[in-house]
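Spelled out, the chains give:
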Amino acid sequence: GNSVTQMEGPVTLSEEAFLTINCTYTATGYPSLFWYVQYPGEGLQLLLKATKADDKGSNKGFEATYRKETTSFHLEKGSVQVSDSAVYFCALSGTNTGTASKLTFGTGTRLQVTL
Amino acid sequence: GAGVSQSPRYKVAKRGQDVALRCDPISGHVSLFWYQQALGQGPEFLTYFQNEAQLDKSGLPSDRFFAERPEGSVSTLKIQRTQQEDSAVYLCASSSGQGGNQPQHFGDGTRLSIL
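Listed in order, the protein sequences are those of chains Y and S.
When the letters of the first sequence are read in order and numbered with our numbering, they come out as residues 1 to 115.
When the letters of the second sequence are read in order and numbered with our numbering, they come out as residues 116 to 230.
There's no promise every hint is true.
Claimed, not checked - Far from chain S, some chain Y residues (derived; all Cβ distances over 12 Å):
| # | residue |
| --- | --- |
| 1 | Q6 |
| 2 | L13 |
| 3 | T24 |
| 4 | T26 |
| 5 | E63 |
| 6 | E69 |
| 7 | K77 |
| 8 | V87 |
| 9 | L103 |
| 10 | T104 |
| 11 | L111 |
Unchecked claim - So the derived list for chain Y, only partly shown, Cβ under 10 Å to chain S, looks like this:
| # | residue |
| --- | --- |
| 12 | F34 |
| 13 | Q45 |
| 14 | A53 |
| 15 | K60 |
| 16 | A86 |
| 17 | F89 |
| 18 | C90 |
| 19 | S101 |
As the list claims (entries may be wrong) - Derived Cβ-Cβ restraints for the label pairs, each shown as a range:
| # | chain 1 | residue 1 | chain 2 | residue 2 | range |
| --- | --- | --- | --- | --- | --- |
| 20 | Y | Q45 | S | A153 | 34 to 40 Å |
| 21 | S | G174 | Y | G29 | 16 to 22 Å |
| 22 | S | G174 | Y | Q45 | 18 to 24 Å |
| 23 | Y | T114 | S | E183 | 32 to 38 Å |
| 24 | Y | D54 | S | G174 | 29 to 35 Å |
| 25 | Y | F18 | S | Q195 | 48 to 54 Å |
| 26 | Y | L115 | S | P123 | 34 to 40 Å |
In short, the hints are calculated from the structure, not lab data.
For clarity, every value in this text was computed on a predicted model and none was experimentally measured.
Backbone N, C-alpha and C fix where the C-beta goes; we use that ideal spot for every residue, glycine too.
Can you make the complete structure from the sequences, with help from the hints?
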């Protein structure tokens, strides 16, 4: 079955530091890949997505590239801010319709950014 | 509405009681998903609706869990004879299409505590 593995947290960085959160996956076929973010006290929000190999998703300074050869979708940001403190989830879904579109999530990585 | 709405936000019940959790998806969204998120974990799939049809209920942990979406919009997740292990955040998500590349929009969840 499908699975997602994320680096364990928490990740603690100083403001303006470079961020990488590793994500690798196991899936049949050609899944779509997503990063969701959960700010304290809020629901899951889509951060970015990529639907095919070599696609780069980007939003709010975050980027992730769909690497089929390494089955990875690492999240990066060049300069983090305190407001980026949250839990980040990597997820995948199948490209077919219906039941294949359910999301499989990683366990989440907590990011804490300090001044 | 503007987003996915879930109610109640918090629910406390005694072991053995029945509970009902409501999800109001984004207007016009065909697909609706329920997930269960245990503390410190990523969400796990419970069930999926396409309009009023429940196409996948493979993630429901036991026959005490039941979900419906009779008119293809609002959905209710019901848990009968609740147990302590049912304590979790229950998330509802909707998407406009049926394909796996369609992003899912999440509600804020219902935090269920079983005493």
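12 Å cut-off, C-beta based - L13/Y kept clear of every residue in chain S: 20 Å, holds
Minimum Cβ separation between T24/Y and chain S greater than 12 Å? 14 Å, holds
Could you check that no beta carbon of chain S comes within 12 Å of the beta carbon of E63/Y? Correct as stated: the minimum Cβ-Cβ distance to chain S is 17 Å, above 12 Å.
Range hint compliance [Cβ, T114/Y to E183/S, 32 to 38 Å]: Taking Cβ atoms as reference, T114/Y and E183/S lie about 46 Å apart, which means the hint is violated.
Can we keep the A86/Y interface hint, with Cβ of chain S closer than 10 Å? At 14 Å from the nearest chain S Cβ, A86/Y fails the 10 Å test, so the hint is violated.
Closest CB-CB distance from L111/Y to chain S, is it above 12 Å? 15 Å, holds
Outcome for the supplied range 48 to 54 Å, where the beta carbon pair is F18/Y and Q195/S: 50 Å, holds
Hint check, K60/Y versus chain S [nearest Cβ-Cβ separation less than 10 Å]: 15 Å, violated
Least C-beta distance between E69/Y and chain S, which was stated to exceed 12 Å: Since the minimum Cβ distance to chain S is about 20 Å, E69/Y lies beyond 12 Å and the statement holds.
According to the definition I'm using, a residue is off the interface if its beta carbon is farther than 12 Å from all beta carbons of the partner; does L103/Y meet that for chain S? 6 Å, violated
Is the hint on F34/Y kept, meaning its closest Cβ partner in chain S is under 10 Å away? Because about 7 Å separates F34/Y from the closest Cβ in chain S, which is inside the 10 Å limit, the hint holds.
Claimed clearance of chain S by V87/Y, with the beta carbon kept past 12 Å: At roughly 9 Å from the nearest Cβ of chain S, V87/Y sits no farther out than 12 Å, so the non-interface label is violated.
Hint compliance for this structure: hints 1, 8, 9, 10, 14, 15, 16, 20 and 23 are not met, and every other hint is.
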